[in-house]
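Colleague: Sequence:
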Amino acid sequence: MRKNGKAYRQLYLSYAFIFLIPITMGILFYFYAYRVAKDQADASNRSLIQTVKNTCDRELGYYENALFQLALNKNVQQLSAVRGEFRSDNSYQLYQLQNELSDLQVSINKNGSFCKDIMVYFKNSDKVVSSFGNMDFSMYCELYCFEEGETAARDRLKNHLSEYHFRDSIRMDSKWTGGRPALLLTMTNLKGDFGESSAMIGMWLDMEALNSSIELAAWESGLDWMIINREGQIMNSPEEYSDIAISYDNLEQGGDQKTEWKGETYIIRTVFSDVFDWKYVLLMPEKLISGSASKMKNIFVVGIFVCLLTGFWAASRMMKINYNPLKVLLEVFRKHDEEEGAYVDNEYLYLKEKAMLLLEECSDFKQLVSRSQEVVKQYYLTDLLINAYDESGDTPDRELICRQFREGRNLVLLFLVKDAPNRGDSQEEYIQKNSLRKFIIGNVFGEGLSESFRLEKVELGDMVAMILSLGKEDTAYEERLAEIVDAMQKFIYDNFNFRVAVLAGEPHNGLEGVHLSWLEAKEAEEFVSVLDPDFISYREIRNSSHKKYDYPTEQEERIISAVKNHNSQLAVSYINKILDVNFLEIKASPEMFKYLLYDLIGTLMKAAQEVGEPSDKELGLNEISIKLPLDKIKDKFSAAVEELCRTPEVQGSGYSQNQQLCQKIQEYIQENFSNPDLNISQTGLYFHMTPAYLSSIYKKCTGDSLLKFINQTRIDEAERLLAEGISVVEAAERVGFRDSSTFIRTFKKFTGATPGQLKSGR
1 MRKNGKAYRQ
11 LYLSYAFIFL
21 IPITMGILFY
31 FYAYRVAKDQ
41 ADASNRSLIQ
51 TVKNTCDREL
61 GYYENALFQL
71 ALNKNVQQLS
81 AVRGEFRSDN
91 SYQLYQLQNE
101 LSDLQVSINK
111 NGSFCKDIMV
121 YFKNSDKVVS
131 SFGNMDFSMY
141 CELYCFEEGE
151 TAARDRLKNH
161 LSEYHFRDSI
171 RMDSKWTGGR
181 PALLLTMTNL
191 KGDFGESSAM
201 IGMWLDMEAL
211 NSSIELAAWE
221 SGLDWMIINR
231 EGQIMNSPEE
241 YSDIAISYDN
251 LEQGGDQKTE
261 WKGETYIIRT
271 VFSDVFDWKY
281 VLLMPEKLIS
291 GSASKMKNIF
301 VVGIFVCLLT
311 GFWAASRMMK
321 INYNPLKVLL
331 EVFRKHDEEE
341 GAYVDNEYLY
351 LKEKAMLLLE
361 ECSDFKQLVS
371 RSQEVVKQYY
381 LTDLLINAYD
391 ESGDTPDREL
401 ICRQFREGRN
411 LVLLFLVKDA
421 PNRGDSQEEY
431 IQKNSLRKFI
441 IGNVFGEGLS
451 ESFRLEKVEL
461 GDMVAMILSL
471 GKEDTAYEER
481 LAEIVDAMQK
491 FIYDNFNFRV
501 AVLAGEPHNG
511 LEGVHLSWLE
521 AKEAEEFVSV
531 LDPDFISYRE
541 IRNSSHKKYD
551 YPTEQEERII
561 SAVKNHNSQL
571 AVSYINKILD
581 VNFLEIKASP
591 EMFKYLLYDL
601 IGTLMKAAQE
611 VGEPSDKELG
621 LNEISIKLPL
631 DKIKDKFSAA
641 VEELCRTPEV
651 QGSGYSQNQQ
661 LCQKIQEYIQ
671 ENFSNPDLNI
681 SQTGLYFHMT
691 PAYLSSIYKK
701 CTGDSLLKFI
711 NQTRIDEAER
721 LLAEGISVVE
731 AAERVGFRDS
741 STFIRTFKKF
751 TGATPGQLKS
761 GR
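According to UniProt numbering, the sequence shown is numbered sequentially starting from 1.
Hints are supplied without guarantee of correctness; some may be wrong.
Said to hold, decoys possible - Taking lysine to aspartate or glutamate and the EDC-like style, the derived pairs with C-alpha atoms no more than 16 Å apart in a straight line are: (1) 577 / 635; (2) 377 / 459; (3) 438 / 399; (4) 708 / 534; (5) 490 / 534; (6) 748 / 534; (7) 123 / 100; (8) 418 / 360; (9) 490 / 462.
As the list claims (entries may be wrong) - Here are the simulated distance ranges between beta carbons: (10) 55 / 493: 32 to 40 Å; (11) 704 / 671: 15 to 23 Å; (12) 245 / 450: 46 to 54 Å; (13) 91 / 704: 20 to 28 Å; (14) 152 / 493: 45 to 53 Å; (15) 224 / 249: 32 to 40 Å; (16) 577 / 657: 33 to 41 Å.
These are computed hints drawn from the structure, not numbers from a lab.
Think of the CB as a built atom: it goes at the ideal place given N, C-alpha and C, for glycine as much as any other residue.
Modelling step: build the complete structure from the supplied sequences, incorporating the hints.
Modeller: Written out as structure tokens, the structure reads:
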């Protein structure tokens with residue numbers, strides 16, 4: 001140290017001289033920046049209140065356009081002309097108007113939950129139509145607007161809605177915003193008698209939500225702002241500014257005003273709204289500008305001294321130990337390149353290249369580890385699904401993955417693509433399309449269900465499985481699950497144009513229950529081709545008599561084609577083969593064999609229509625029964641086929657006969673819809689026809705499917721029962737549904753709302 005003292009002094013002096021340049025420039029920059037900062041802070045704060053004005057006016061202009069649309073709405077115009085109570089022929093218009101209000105509210109709230117409700121008040125009938133339903137004005141106020149007993153607020157609202165307001169706003173305390181002031185924008189319909197306001201359109205807005213969006217978008221701490229209307233009301237957060245002395249008439253646009261508030265001097269800047277008679281006011285503490293500049297000065301000085309001290313310390317340290325870190329790093333990397341004889345032209349570029357390679361290798365390793373962890377997770381979850389749980393096989397990794405399913409109940413869902421990719425595609429295209437659809441199913445349903453349930457996803461061949469973890473006390477999961485599944489299925493069909501069948505097992509306790517629920521969901525898979533459903537739960541089908549039997553559509557077409565070509569021998573061989581396969585090989589149950597016979601009879605009826613056979617009595621089909629031996633059944637079918645192949649074309653039954661049949665079918669369903677066993681097959685048995693043939697006749701006569709009429713009859717009766725106060729479970733049982741989950745899903749499909757929403761007034 002003593003030998004090199006002169007060198008050290010020269011180094012330090014050189015270092016100090018070098019730093020004199022940035023210090024001098026920094027001092028000059030500071031005085032210039034201080035002056036500029038004051039001007040910019042002033043200009044920035046002026047622009048903030050303009051931002052508030054532009055944001056609020058843009059939102060209010062959007063809401064005003066929505067009110068204009070409703071003012072010109074055809075249903076509003078027609079309903080406003082009704083004097084006294086609405087008649088029954090106005091019901092559909094009221095229903096249409098409610099749907100339009102609901103859709104408009106959803107559209108307005110796509111970027112935030114500012115709009116709480118949109119309503120139309122009809123003065124002549126004292127009725128309100130809102131996005132929550134149609135009701136009397138007093139009921140609307142009691143349910144949604146005010147607490148019980150607030151008659152003054154209700155009267156004030158009614159007086160405001162009854163008066164003529166082409167475009168106005170009012171602030172009211174209501175239940176919409178949980179105790180905070182709510183803003184009501186109103187506009188009369190544009191068709192009144194002699195200037196009378198026969199209908200008033202209103203929109204409830206949450207000012208607090210609007211405040212939050214403004215302050216999150218472009219606000220600075222320490223500043224306050226207000227919105228004041230022409231009555232002197234503070235529209236946003238009135239409780240915070242209740243003691244401030246500001247008058248609406250004294251506020252001027254363009255200049256700065258001052259006021260005393262909370263013991264401090266505030267600068268007031270005001271701009272006027274272009275939409276309503278509002279004034280936007282910015283409150284800025286006077287000390288804010290001087291305080292910011294002073295803080296900048298202190299930070300600047302401290303930064304210079306820190307740089308000086310750090311530089312002197314680093315120079316001293318490097319001189320004492322004669323240490324060059326760059327050389328050490330290069331030596332580390334050069335050891336790997338000595339055998340290859342690498343030549344280093346630029347040490348800095350060489351070091352940069354090696355460092356980048358090291359970072360890439362690290363990144364690839366992390367990705368490999370992540371993929372490996374996902375593969376291990378999928379393996380353990382798959383094993384948990386398809387194999388009975390074996391506690392002796394637990395490992396730390398398996399315990400970590402399966403821990404969430406150890407407690408509580410677990411439910412397995414299987415997702416199956418109903419519209420499979422075209423088999424005509426190449427194998428690579430088929431795999432690609434199927435993988436894409438599984439990816440869509442996993443992400444869409446995973447996103448929707450994860451909001452209400454804890455879950456894990458597994459891909460199993462062409463299906464996607466999900467394990468849902470339910471709490472021990474969670475007994476109301478069925479309705480939530482049905483609503484989510486229905487919404488996600490509709491979303492996928494609307495956006496990706498394919499349908500998804502969802503199969504659900506029953507919830508079971510612990511890890512052992514996962515496999516049991518999986519087996520039940522797999523059993524439900526057998527019913528997809530029979531029932532053609534969107535959602536099948538094991539609870540629905542565990543006591544069902546539906547089972548699959550082997551009668552492909554191609555075989556039916558071959559039989560009909562053979563009959564049309566008068567080839568009785570070929571048609572009989574097809575029928576005998578189908579009977580042998582199902583009776584001898586599959587060994588179908590008597591119930592399923594009966595359905596198979598009905599389908600074969602239906603096939604011959606279709607063939608009879610093709611060749612002009614008028615009825616089945618002449619063919620002897622009504623004599624076929626499962627009570628007969630198999631040989632006798634074959635003989636009956638053979639005789640019928642022979643008769644068909646000899647029959648010349650004869651004109652079929654008239655249209656009026658089918659109309660009479662359809663009327664009898666409807667009467668039968670209306671008398672027996674409460675029977676849970678009533679379905680298309682049961683109806684076919686009653687009229688001695690196959691389900692397929694009966695359905696085709698009904699659809700030709702009415703244009704609707706027979707299943708839709710059965711469900712529509714049940715839902716109409718359920719709506720009446722729910723309106724009388726009957727519970728959801730009892731209503732489902734009385735109209736013929738075996739469980740409430742199927743009832744809820746069907747009810748929402750036909751009415752657009754769940755039974756619970758209907759009972760609550762929505």
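Colleague: All hints are to be evaluated individually against the structure, with a verdict given for each.
Modeller: Hint check results:
{"no.": "1", "hint": "577 / 635", "in the structure": "holds, 13 Å"}
{"no.": "2", "hint": "377 / 459", "in the structure": "holds, 12 Å"}
{"no.": "3", "hint": "438 / 399", "in the structure": "violated, 27 Å"}
{"no.": "4", "hint": "708 / 534", "in the structure": "holds, 15 Å"}
{"no.": "5", "hint": "490 / 534", "in the structure": "holds, 10 Å"}
{"no.": "6", "hint": "748 / 534", "in the structure": "holds, 14 Å"}
{"no.": "7", "hint": "123 / 100", "in the structure": "violated, 20 Å"}
{"no.": "8", "hint": "418 / 360", "in the structure": "violated, 43 Å"}
{"no.": "9", "hint": "490 / 462", "in the structure": "violated, 20 Å"}
{"no.": "10", "hint": "55 / 493: 32 to 40 Å", "in the structure": "holds, 37 Å"}
{"no.": "11", "hint": "704 / 671: 15 to 23 Å", "in the structure": "holds, 19 Å"}
{"no.": "12", "hint": "245 / 450: 46 to 54 Å", "in the structure": "holds, 52 Å"}
{"no.": "13", "hint": "91 / 704: 20 to 28 Å", "in the structure": "holds, 22 Å"}
{"no.": "14", "hint": "152 / 493: 45 to 53 Å", "in the structure": "holds, 51 Å"}
{"no.": "15", "hint": "224 / 249: 32 to 40 Å", "in the structure": "violated, 21 Å"}
{"no.": "16", "hint": "577 / 657: 33 to 41 Å", "in the structure": "holds, 34 Å"}
The earlier numbered hints that this structure contradicts are 3, 7, 8, 9 and 15.
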